[in-house]
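J.: Chain residues, written in single-letter form:
Number of protein chains: 4
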Amino acid sequence: MMSRVKNLEADAQIGMVRKVLDHGAVMLVDYMGGDESIVRAARVSYGAGTKTLQEDKALIKYLLRHSHTTPFEMVETTFYLKMPIFVMRQIVRHRTANMNEMSLRYSIELDVHYVPELDAIQGQSSSNKQGREEKGWTKEAKEGIQTEMRDHAEASYALYQKLIQQGVAREIARFVLPVTFYTECYWKMDLWNMLHFLALRMDAHAQFETREFANAMAEVVKKVVPVAFEAFEEYIKDGMRLSKKEETAVATLLRGATQEDACSAAGLTLYKPDGTPLITGEGPEFLQKLAAIREKEARRG
Amino acid sequence: MMSRVKNLEADAQIGMVRKVLDHGAVMLVDYMGGDESIVRAARVSYGAGTKTLQEDKALIKYLLRHSHTTPFEMVETTFYLKMPIFVMRQIVRHRTANMNEMSLRYSIELDVHYVPELDAIQGQSSSNKQGREEKGWTKEAKEGIQTEMRDHAEASYALYQKLIQQGVAREIARFVLPVTFYTECYWKMDLWNMLHFLALRMDAHAQFETREFANAMAEVVKKVVPVAFEAFEEYIKDGMRLSKKEETAVATLLRGATQEDACSAAGLTLYKPDGTPLITGEGPEFLQKLAAIREKEARRG
Amino acid sequence: MMSRVKNLEADAQIGMVRKVLDHGAVMLVDYMGGDESIVRAARVSYGAGTKTLQEDKALIKYLLRHSHTTPFEMVETTFYLKMPIFVMRQIVRHRTANMNEMSLRYSIELDVHYVPELDAIQGQSSSNKQGREEKGWTKEAKEGIQTEMRDHAEASYALYQKLIQQGVAREIARFVLPVTFYTECYWKMDLWNMLHFLALRMDAHAQFETREFANAMAEVVKKVVPVAFEAFEEYIKDGMRLSKKEETAVATLLRGATQEDACSAAGLTLYKPDGTPLITGEGPEFLQKLAAIREKEARRG
Amino acid sequence: MMSRVKNLEADAQIGMVRKVLDHGAVMLVDYMGGDESIVRAARVSYGAGTKTLQEDKALIKYLLRHSHTTPFEMVETTFYLKMPIFVMRQIVRHRTANMNEMSLRYSIELDVHYVPELDAIQGQSSSNKQGREEKGWTKEAKEGIQTEMRDHAEASYALYQKLIQQGVAREIARFVLPVTFYTECYWKMDLWNMLHFLALRMDAHAQFETREFANAMAEVVKKVVPVAFEAFEEYIKDGMRLSKKEETAVATLLRGATQEDACSAAGLTLYKPDGTPLITGEGPEFLQKLAAIREKEARRG
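Protein chains in written order, with this note's numbering: chain Y, 1109 to 1409; chain H, 1109 to 1409; chain A, 1109 to 1409; chain E, 1109 to 1409.
Any given hint might turn out to be false.
Which copy? The list can't say, so a pair holds if one copy fits it or any two copies do.
[Said to hold, decoys possible] In silico EDC-like links for lysine to aspartate or glutamate, alpha-carbon gap of 20 Å or less: (1) K1352 x E1403; (2) K1380 x E1163; (3) K1397 x D1346; (4) K1397 x E1342; (5) K1404 x E1342; (6) K1352 x E1393; (7) K1380 x D1164; (8) K1331 x E1225.
By construction, these hints were calculated from the structure, which means they are not laboratory data. All values reported here derive from a predicted model rather than from experimental measurement.
Go ahead and model the full structure; you've got the sequences and the hints to work with.
T.: This is the structure we're talking about:
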């Protein structure tokens, strides 16, 4: 007899608001399925009967490790999200979601906008074109920036309101609102695409503000599919991909070669023609990967 | 406070097997959401608060009538299906579904195949290249066809089993199985795509065997979203599309013109250059539509 | 022998910039296929050989009229678009597109923003929550609004530049930019989804600014698939959908009944319980449809 | 000035039939874009101008290595495929494709079915539930199997033809056709999804017959996007994924530990509780990966 498996921990998440940034929110609205749905969908392919809990866990891990993605698509989560427009603009790019967003053609915007905390106000990263980094600015300097951003948002909203009061159509008046204003939506995704989304947006290279939303969603997903989430962390989030050249370099290293020789043998260039070290490209990326796995081992050991 | 709305009628469908054809099955495995999810998703766009039940019904109808599709995507249903391979091959073409199908590379096929009932054994349609029609064959003639089909399926399965027993790989042995053999799958879809699927596959032009599965799924969907399903029947399934020329013809008819004159004025051709009537094309299709709406009115009146 | 069909008119569109709004642009980057690809894909289903040009046109019209959508998916167009962020936010919702958009995490925004022309500055529509309508404001009043919007955009950009010059990360500085600033992207879609997009965004209910972009794309699509585009206009864009009740009402009208009687017989309500006329809902919508088809006929006759 | 880049090698593939299996075919019908489209789409994000050919190659490799997938979606290929139904049933599962397949509801099937060559007739794999392996059967034994499969297919077709001649509807008569019969389709996909498809279906675990089709398509794709294809081979097809535990094990190995110790330290189990070696699971899979990278290095060295 088939019936729904109760997941009390996940049920408790429904309707529970997680605060994100200054005025944002992440809340589970509904979900379908769980670890057991993944197992059930996978077993239809194998024709196998019910199994022990231990075998079920092993099966989920096997599926995720070998990119058998379709059983993970059987689980769905629907979130309510309240986030700045610039975050929404990144999230909407994940086209496999179903979304219903507040429309400023219909609605009058609430007076809510995002102002970064002092810690989040940073300079342009020198190594990463799309990142930020701490520049050691004084508290006063950061407060100055923060105040200018807040004042601008408030002035923008005041103008918006004035236009609305003059009778200007909402779909026109909203032109003046900066992308730091909050919007809200319902957002539904299947688990496979959710894990892919989380891998990209929980990553250190994702924009800080977007990462905060991804992290909050991850907390919820973990309750809905505890086993699959653990496998996701082990194999995807904290895993690593090696190219063919990198595989060769690892094999050469394992035979006792130095990093320089191993890279050279594998065709992973570390130096410019003039002998100065490269800072980007496959060679330096490989050294970073080596450093990362050594660090992981050190932390574990 | 947000929580799941209980839908006892839909819950009762979970795990309930509906028999389809001789050995097929349709069973609801799980679902997410309901009429209230559609309303909630739509309201985020309007910023409106909770409303009366009557207004909710009107909103769902309005959304469907005006093809505001995204709120309907918030609802999901997962089915277990057991159907002949030739039906599966049509259903898999609906690419918006998530599916896990039994694989004959892993599994040994059960000895289950579809044999049409006498009523379903018909001749090639003379008007419709892809259809069948009753030709008035004798019971004996139909039984002869039925027997030949059954014998062939049984012989095919016997050969399959023999190959398996000889040790031939399952992925090779299955080459001999006809498309009338049953396969099974889990099949998940959001409501908007489900309604689109049902509109196509419940249609009189869909293959009889596929229609039987669509009809069984429709019975379940109706329990999950009673209001949306009613709107689907009113506006999509039993609705009709008029082309620009057909609109003109209707307007001319309303001014009292004859069918011939109205078609002629609208550019809907009814005759070949030699004066004989056309049997296909826009003109005849318009006359069929007129007949259909007259028939609907007569049945109602 | 299979080879590409030359379409010189479409080729001439590649790289040709169409100006839209004050600083926007629509340009065809590349395309694949044409009317002949639709025919070829459809014929694989029928197993039919090559046919006359006249039959090909009839086949395309037949496919579109009967929603046989897959042959239309064989054609692709890639556009370069430059549009305000608020337009992009509507366009990105069409999830079947492939898109690469300028990222303000990497790039410094150019000083380009949209300021509506006087004609486009209108009041909130009284009948349509999401629309605008002419309110008869004086030229001076409109100029006042226009000036405020332009000044605000310029001040926003000045602040953005100041933050950039202070060394604030680009991904933070951009928070202050209003949604009226321009962004750019490459945008690729198959023809079926493009026609669906055009039907929604060329519609009178679409926001004026978005409609301008849809109209410009339609001009290009018409060159790529002249026959399919003509069919799209006839059957979809200028076509109409009737619900089951509306079909009944039309049939009753054709038997000579009055509008009131026909609506009443079909269950299309025109009055509130207190006898005052409804202004929204199925009944009034049906009267609007009748008026529309009568107007189309009058223009044609 | 934007214009299409000529790719004469790819153009020469259009209409060129590649024979696959006994009666199958792969043929490029059309394509859009090339390596330069990937670069162009990526550059819109960076706002950068045109660059050297060398930088373009590096950019494509960078994008693929870092899973920046959207620029690869700008390229499309359309194939004509003729393949057994059981291969089609695997290929259709890649839902991101656009497809038009021959319908046996409309068409009468040609008398073409697949019979495996003697080399392809193998036994059930003992290590892999879904694979085949050479069992050392005699030529006569294999010929016996081959003859039985061919005779069955011919008898099935004879029955099909008899039913058609009796006037049975095509959509019914086809029930008797085994999945080894050929079907044909047009099949269109964007490059990113194509590379994903190729990674899965060129893999040693894919069914031999499906792999033959993937290999033939890969030959064509290589001509359309030579640089992207090279990057695909280096980073995806011949690359490898390490889990967190495997990273730790590699780091431990690099510090000079034995395989057993490294696996043990990382939590990669190699033995059952009773001390006998495991043959499946994470531990054995890691040893296989190590063997694979050592073999790659040996072949290179």
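J.: Confirm or reject each hint.
T.: To see whether the hints hold, each was checked on the structure:
1. Taking the shortest Cα distances, K1352 and E1403 sit within 20 Å of each other only across copies (12 Å), while inside one copy they are farther apart (23 Å).
2. Only between protomers do K1380 and E1163 lie at most 20 Å apart by alpha-carbon distance; the minimum there is 14 Å, versus 52 Å within a single protomer.
3. For the identical chains of this complex, K1397 and D1346 are neighbours both inside a copy (12 Å) and across copies (18 Å), given an alpha-carbon limit of 20 Å.
4. In this assembly of identical chains, K1397 and E1342 lie within 20 Å of each other by CA distance both inside one copy and across copies; the values are 16 Å within and 17 Å between.
5. In this homomeric assembly, K1404 and E1342 come within 20 Å of each other (Cα to Cα) only inside a single copy, at 12 Å, whereas the closest approach across copies is 26 Å.
6. With identical chains, the CA atoms of K1352 and E1393 are at most 20 Å apart both within one copy (14 Å) and between copies (18 Å).
7. In the homo-oligomer, the alpha carbons of K1380 and D1164 lie at most 20 Å apart only across protomers (18 Å), although the nearest pairing inside one protomer, at 51 Å, exceeds that limit.
8. Taking identical chains as interchangeable, the C-alpha atoms of K1331 and E1225 are never at most 20 Å apart, the minima being 29 Å within one chain and 49 Å between chains.
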